[in-house]
Structures are given as structure tokens and as C-alpha cells.
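Protein chains in written order, with the working numbering: chain A, 1 to 452; chain B, 1 to 452.
The set of hints was computed from the structure by calculation and includes no laboratory data. Note that CB positions come from ideal geometry on N, CA and C, so glycine has one too. Careful, some of the hints might be misleading.
[Said to hold, decoys possible] Using 25 Å as the maximum straight-line C-alpha spacing, the simulated PhoX-like pairs for lysine-lysine come out as follows:
1) K3/A / K54/B
2) K92/A / K8/B
3) K88/A / K92/B
4) K92/B / K3/A
[What the hints assert, rightly or not] Interface residues of chain A toward chain B, partial, derived using beta-carbon atoms under 10 Å:
5) S5
6) R21
7) E41
8) F64
9) F89
10) Q112
11) R123
12) W130
13) L157
14) V160
15) E168
16) T363
17) D376
18) S398
19) S406
[Stated by the list, open to error] Reference excerpt, derived from the structure (chain A facing chain B, CB under 7 Å, subset only):
20) P4
21) G36
22) T50
23) D71
24) L81
25) T82
26) K96
27) R108
28) Y109
29) P120
30) S155
31) N158
32) F328
33) L379
34) P396
Protein chains: 2
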Amino acid sequence: MQKPSIPKGTRDFSPEEMAKRNYIFDTIREVYHLYGYQQIETPAMENLSTLMGKYGEEGDKLLFKILNSGDCFAGISPDELTEMSPTKFAAKACEKGLRYDLTVPFARYVTQHRGDLFFPFKRYQIQPVWRADRPQKGRYREFYQCDADVVGSDSLLNEVELVQIMDEVFRRFGIRVCIKMNNRKILTGIAEIIGAADKIVDITVAIDKLDKIGLDNVNAELRERGLSDEAIERLRPVILLGGTNREKISALKEILSASEVGLKGIEELEFILDKVEPLALRANLELDLTLARGLNYYTGAIFEVKALDVQIGSITGGGRYDNLTGVFGLQGVSGVGISFGADRIYDVLNQLDLYPQEASRTTQLLFVNFGSAETDYLLPIIAQIRAAGIRTELFPESGKLKKQMSYANVKRVPYVALVGATEMEAGLINLKEMSTGEQTQVSVDELIARLR
Amino acid sequence: MQKPSIPKGTRDFSPEEMAKRNYIFDTIREVYHLYGYQQIETPAMENLSTLMGKYGEEGDKLLFKILNSGDCFAGISPDELTEMSPTKFAAKACEKGLRYDLTVPFARYVTQHRGDLFFPFKRYQIQPVWRADRPQKGRYREFYQCDADVVGSDSLLNEVELVQIMDEVFRRFGIRVCIKMNNRKILTGIAEIIGAADKIVDITVAIDKLDKIGLDNVNAELRERGLSDEAIERLRPVILLGGTNREKISALKEILSASEVGLKGIEELEFILDKVEPLALRANLELDLTLARGLNYYTGAIFEVKALDVQIGSITGGGRYDNLTGVFGLQGVSGVGISFGADRIYDVLNQLDLYPQEASRTTQLLFVNFGSAETDYLLPIIAQIRAAGIRTELFPESGKLKKQMSYANVKRVPYVALVGATEMEAGLINLKEMSTGEQTQVSVDELIARLR
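Could you build the full structure based on these sequences and the hints that come with them?
Put into C-alpha cells, the structure is as follows:
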């Protein structure tokens, strides 16, 4: 018989991996709570009408679609069937799909339940999402997202708060990070002043290469991408922008002086910097004009977090999007949010060996099983120890001591208790500390006091 | 535009519902840890070859199948296509399905990772499952299961431990319960002695009706179901079995004296009772011969938990199954496990109003926003309060006080802090306790001491 397997791009998580993952989720969750975000959950399956058309044409193809149960051919004649494209067939034979991210289901949630919500609504959501992407190293078909969003408030204090949250989460993890910021309005302003509103993506991609290929090559690339010499000339001070955040901002104020929207973007950025600076964050905060994440999506602030000590893509991202729920018919609800990339954070914590010891909440104490009489004697004692909150096991079989000790070793149980005839008579427990091998005779109360 | 909705049989969970659900999951999780069970997770999608044929013909129909991405018609000629049944098509066009329970994925996990596991392996798993059942009150197409199983140990101490776990979980919830027990071997023994091995289900169904319809009607029903008069006569003492667990056991020993397997079942039951009785459980433990849950599945102990104060089906169930992984080619691995029904427990806790106050970990303190100067003053103070672990919000907009107070009310925030020009000058915080309306002037340190 063939050994069973799981679909490509999906993963099983072992107890050890789960302990680490829970440490990540619990840390993020705790910080979200500290800032007043409340958890919601949405179903794994959404109606395809909710999902389709929200992630672009490419995204539609990456949706996992669920075949209608019962007769999936219902309403399709044999003639139609043989002439149908797979895409068209899927549209007929599948009503439901697996969620692709947490943002669209959240927009659907806000629209559907608007009558029950009080705005501003601060929600977080930690759930898996599914994408039929080609699996590769670090890219999975099932992975968790950890999103927090505020909807129904235009205040930039929300952006400030999200910066604080990103800083606090990575401070708790012990990961040194740089929080990069940009503002979509500044990018729009730049496009305005160089007269190339449709070239924003080309421009950010080119700017991003300055360090690697130099100004001449960047300009050549911009020309290739269809920018006029005049536009390239106007872009020069933007590309060469350097210095501190404040220096960049004061230069941008000059450059964008003719663009109302550009100046508005600078004002927003300055507000966030003004509020955040007195808070003495641990993370570096850096204005980065090359930051454009899903440009069609964000309308104000754009955030991205990079780990300083590990070579890896961004480990958190987010920004402000006006009209989140407009696509579902609810107008005028602005939102701003962030999403922690749990899988990449997992890799970073592993590489830097930053998991705390307690991350695996394993058994603290294992009682060796010497047989029936000892078991009868021990069961009530073990119940008493558990009642004191100590995670305790009795090995279920009175087999070889070696196997029982191996069990303790494999599970990394720090204490093993040995109670045979002598100990029963004395009313004591022979307690072995596994790290040192040291054995001591203790009473039940002493054992509880020591392990609690 | 039509208001968006979710697929029938699925649910959104609001912050309030999530808080209650997390209380349930956290309680179960904590008790599982206390007994040394370790968490694993498996993917939502399994290969259909893993799932098909494991839940009977009816179960196969209830699997949600995922249409292959790319060309779902690949390898099917137009002629074949028009002649195909929907079932046959699904088998060709779908490689993956959503998991239907946690037991089969666990058996697949154990088989696949056997080289990395040390037995006995005690795992728990809390994840959603999906079934294309007809939705109705209390029955959903997506719901959570909370399973714990031990595999690789035949010891009945595992059964004892699971009884303790069920007792402890419901003690923590404050739900009074009866834990019903039976043993598949006893049922087999009964079938043996009356010479009707294939009538076990009919017999248990009939016995179950004794209280309602009386012995004569039960016998009539048994006759209808094809039992001989002789078999019915032999069954009489089983049907009329009453008294305490011990009385039932001693009567059963007589009745089943000629059945080796029946006596073995009684021995197993007695072992569990012997070990559990000195532990002074809170729950009633009751031998119930009508208990047959998924008879083809269990091979030894069978458990079921009923709430005493609410009319509802069983809220937890489980038992021992030999050869869990045999279907995947790994022989000789026995298992025993239980599964808490989170959705029913949710309903019971609601009906009995047993949720603790702290179940909703909401914001503890809201700062009213009076404007820009106050915000600049407060942001570092709020950071200090959060650093002390107090869940704190600053309302993001300096709008009407009434709206801000409503926000606190809706979110059930117990304390609101008001800091205007006077308080800023005095270096104090005007702290309002929402339940009493009482206001006091406190320093930051006093506030932290009071709320922590």
C-alpha cells in the first residue's frame, strides 16, 4: 500500500512546530488585545461571487473552487458541456471558493453586518487562506494571515497606533526591524509633477534599483519604459533623494510644491512621524519612496517591515485603503490595516534562534509506571498534582524502564518521578531532574511547591 | 447592489461570539496540556484518496470536493464527459477535498510520520471540519472539532485518563454532566449469546425505548426486526438490567458467562470503574448498554457525555478503536480518543448563562480624545499604561463626547479616562468607572495600580 501524503503546497504541523506557531500567534494576539482590537472569524468558504474579480484576473485563477455537491451538471445541457471552457464550467458548477485573503471576507463582513457594528470597528483575524499558486520554497497553498484593521475612521492616529503595534510585536519577538513607510498620495504627486500618472509602478521599480545599477542605468530603464526626457529630468531629485526622514520630507516639499495631493501625502507622513517620535520606538522608521505594495489598493499610508538581521522579504505589510466596502455597495467606509506574515516570522525566529524555552508547553512531570499496585497508589496523588496546575503524565504501560525514560527524553519532560515499593512505604516520591540527573526524595507537597 | 452573504450552513463569528468560543477552546486546550497531550494541525485539504471510502457511501457524498485548478477537463474526452455521472466526473476532476473529521487525517498523519513519532503518541487537534450536510438548527457545514487521542498503547489507563479529562473540562465549565460508558465487546457478547450477531443496532435501539414504550412493545419491535422468540427471551434480562453500575456488572457476568468476548468487555469496564472511583469525580459515571456510537468503528470502550440541566444531544463522545491506521497500511496501532462538541457546549453554556465575566478580553480603559494638544500629551502616557499590560485605547477622533462614550458602552469598556486642559496642568487623569459613574482624579501610577 502506498504511504499516504498531503496535497502539494500544504503542511502538517508537528507538536514542536505547533508550539512555535502558537507562540507567534499568541504574541500577536496579545498585542492586538492591548490596543483594543477584537477577534472575528469568517467561514473558510465564501460565495464565489464574493471572491471573483477582487484579486485581478490572475487572482481569479488562483482561487480554489468547490464543486457543487449533488449534481454538478445541473442546468448544463450535454451540448453546452462539451463546448464549455474549464473556466466557464467552473463558474457554473462551483458556487463556493476558499478564501484567498482576510481582507475581502472582512469587507464582506462589515457590509453584511453593518447594522450591528459600531464604528470605528477595530478587528483582528488570524485564519488560514488558500491560493492555487505554484508551490515553492517558502510559498504555500495554505498559510495563515494575521490581520488587524480599523474601519470607519479617517484619523491618522490609527496609522500611528499600527506603527506602535508593529514595533511592539517585533520587540516582543526580539527581532530587530526597520518599518518602512510611504504614502500613495506622494507617489501620485510625483506622477503628477512629471506628467506620467500611468507610470508610477515603473518609476518605483526603477528608483528601487538605484543602489545596484546607478543613476545612468536607472534613467536608461525609465526611457525604455516610455518616460520622456523631460519627465526623467524632473524625476532626478526624487531618485537621488537621501538623508534622514526629515531631510527627505523637506526636499519633497520643494519637489511637490505644485501638487496638492503630493503635499497632502507629505502632511500625512509628517503627522505620523511627529506622533511616533516622542514614543521612542525600538524599530527604525524609514521613509521609502520605493514602497508601493499593491498600488491599486492603497490610497494613503503604506507600511512594510523588514528584518535587519535576516535576508528575507517583508515580514509585515499594510496601509490605508479608502472605500474598502465600496465593491459590496457600502460607500464611504475607509480602513487602515496591517498583516503579519506568520510563516516568514517563523523562519526568522528559527534562523535567529529566538524562541523562548517556554514556547513548548510540554509535560512537566512524568510518573514511571511500575505496575498495578503503584498505579492504584499514584492515581489520586497525580490528580492532586494536576489540580495544582502541574502538567503531569503517568506512563500508561508498566513496560521497560528504558522505554519510559526515552519517552520522557523525546518529549523533553524536565522531571521524572519514580515511586516503587520503598517510596510507597515512606510516602515519598523519588524525583529525578532530567537535565542534571540529580535525584531527591520529596513529599507530594514539596514536589508541588518545587514544580509550580 | 445585493447585500453580500455567506454560504448556507456557514457562520461568521462576532467579537462577542469569538470571546466565548475562545473560552471553550482555551479551557479544553488547557486540560489537554495538563494531561500531556500535544497539539498538531493538518491541512484543510486532503487528497480525496485519503478521504474517500472512510465514512461510508453516505459520507463520500458529504465530502466537499475541490475542482482541480487549471484545466478540470484534462484527460476527459467530450464523449466521456457527456456520458459521465456527476460522481464519476468529480472523481476525475477533483483531486482534493476538505477534511470531514479529524480522525482520518490523524490516522493519515500517524502513518505518514510514523518514523518521527514516539509511541504512545498523545495528540490533540482543534480545527474546523466541513460536511455537505443539509443545514438545520444546530447543524452546520463548517464546525470545529476538539479531539484528543492516544495511539500506540493498549493500556486501559488511557481510558481512565480520558474519563478524568471529560470530568475536569466540564467541572471547569460548571456544566453538570453524566459520563455514559459502554464497551463494544459487551455488545458483541450479547449478540453472541442470543445468536443474532447482525442485530446489534436493532437491539440497542429497542433497549433504548424501554422507558418510553414498555417491555411488551420493545419485544414486539424486536420481533418485527427479525429476532426469534428464543433470542428475545434470552435478551429479556439484558433489557431489564437496572440498578447501580456494580449491580449491572454482576448481572451481566451471569448473562454473558458463556461469551468470552463479553466477559472481556466486562473486565475492561470494571478496570475503568475501579481506577476512577477513588478519584472522586464530579460527574456521574453510568454504564449504559444502549450506547453504540458508530459501532463499526469502536472496538472497546465507548463514551458519551450528556448535560444534566439542558435538553440536548451528547456534548462529547469517544472510544477505543483498534487498528486506526490499518486502512493506510500501518497495522497494529490501537487508539482511544474523545471529541468535545464545541458548538453544543457553546449552546449549553449560553442557556445556563455560565460564561465567566473575563471571557471577553475587551479593552479595559478608553481615553477620550479632546483634540490635538491632549493627544500629544497623552500618547506617551498611554504607551506607559500599555507597557504595564493594561488594554488601553485612545479614541481616534476628537468628535462628540457622546459618540466616544457610546463607543465605550458598546464595547463594554469598564473605565474611561478624561484628560482636558485642567487635568494636563495638574498632571492627573479623571478616571470614570462606567458601572457606577464615579469619577476620581488619579496619577498615572495610581491608575496603573488600580487597573492592573
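Verification of the hints:
1. K3/A / K54/B: Holds. K3/A to K54/B sits at ~16 Å (cutoff 25 Å).
2. K92/A / K8/B: Distance ~18 Å between K92/A and K8/B Cα, so the pair holds.
3. K88/A / K92/B: Between K88/A and K92/B the Cα gap is close to 18 Å, so the pair holds against 25 Å.
4. K92/B / K3/A: OK: K92/B and K3/A at ~21 Å, within 25 Å.
5. S5: 7 Å, holds
6. R21: Because about 8 Å separates R21/A from the closest Cβ in chain B, which is inside the 10 Å limit, the hint holds.
7. E41: 4 Å, holds
8. F64: Because about 5 Å separates F64/A from the closest Cβ in chain B, which is inside the 10 Å limit, the hint holds.
9. F89: F89/A check passes; min Cβ-Cβ to chain B is 7 Å, inside 10 Å.
10. Q112: Cβ of Q112/A sits 5 Å from chain B, so the hint holds.
11. R123: 7 Å, holds
12. W130: Constraint on W130/A satisfied, holds at 7 Å.
13. L157: 4 Å, holds
14. V160: 7 Å, holds
15. E168: Holds. Min distance 8 Å.
16. T363: With Cβ-Cβ at 4 Å, under 10 Å, it holds.
17. D376: The hint holds - D376/A has a Cβ within 10 Å of chain B, the shortest such distance being about 7 Å.
18. S398: With a minimum Cβ separation of about 8 Å from chain B (threshold 10 Å), the hint on S398/A holds.
19. S406: Since chain B brings a Cβ to about 7 Å from S406/A, closer than 10 Å, the hint holds.
20. P4: Because about 5 Å separates P4/A from the closest Cβ in chain B, which is inside the 7 Å limit, the hint holds.
21. G36: With a closest approach of 4 Å, the G36/A hint holds.
22. T50: Interface hint status for T50/A: holds (5 Å vs cutoff 7 Å).
23. D71: 5 Å, holds
24. L81: 6 Å, holds
25. T82: 4 Å, holds
26. K96: Holds, about 5 Å.
27. R108: Check passed: Cβ of R108/A comes within 5 Å of chain B, closer than 7 Å.
28. Y109: 6 Å, holds
29. P120: Where the cut-off is 7 Å and the nearest Cβ of chain B is about 6 Å from P120/A, the hint holds.
30. S155: 4 Å, holds
31. N158: 5 Å, holds
32. F328: OK, holds: F328/A within 7 Å of chain B, min 5 Å.
33. L379: The hint holds - L379/A has a Cβ within 7 Å of chain B, the shortest such distance being about 6 Å.
34. P396: 4 Å, holds
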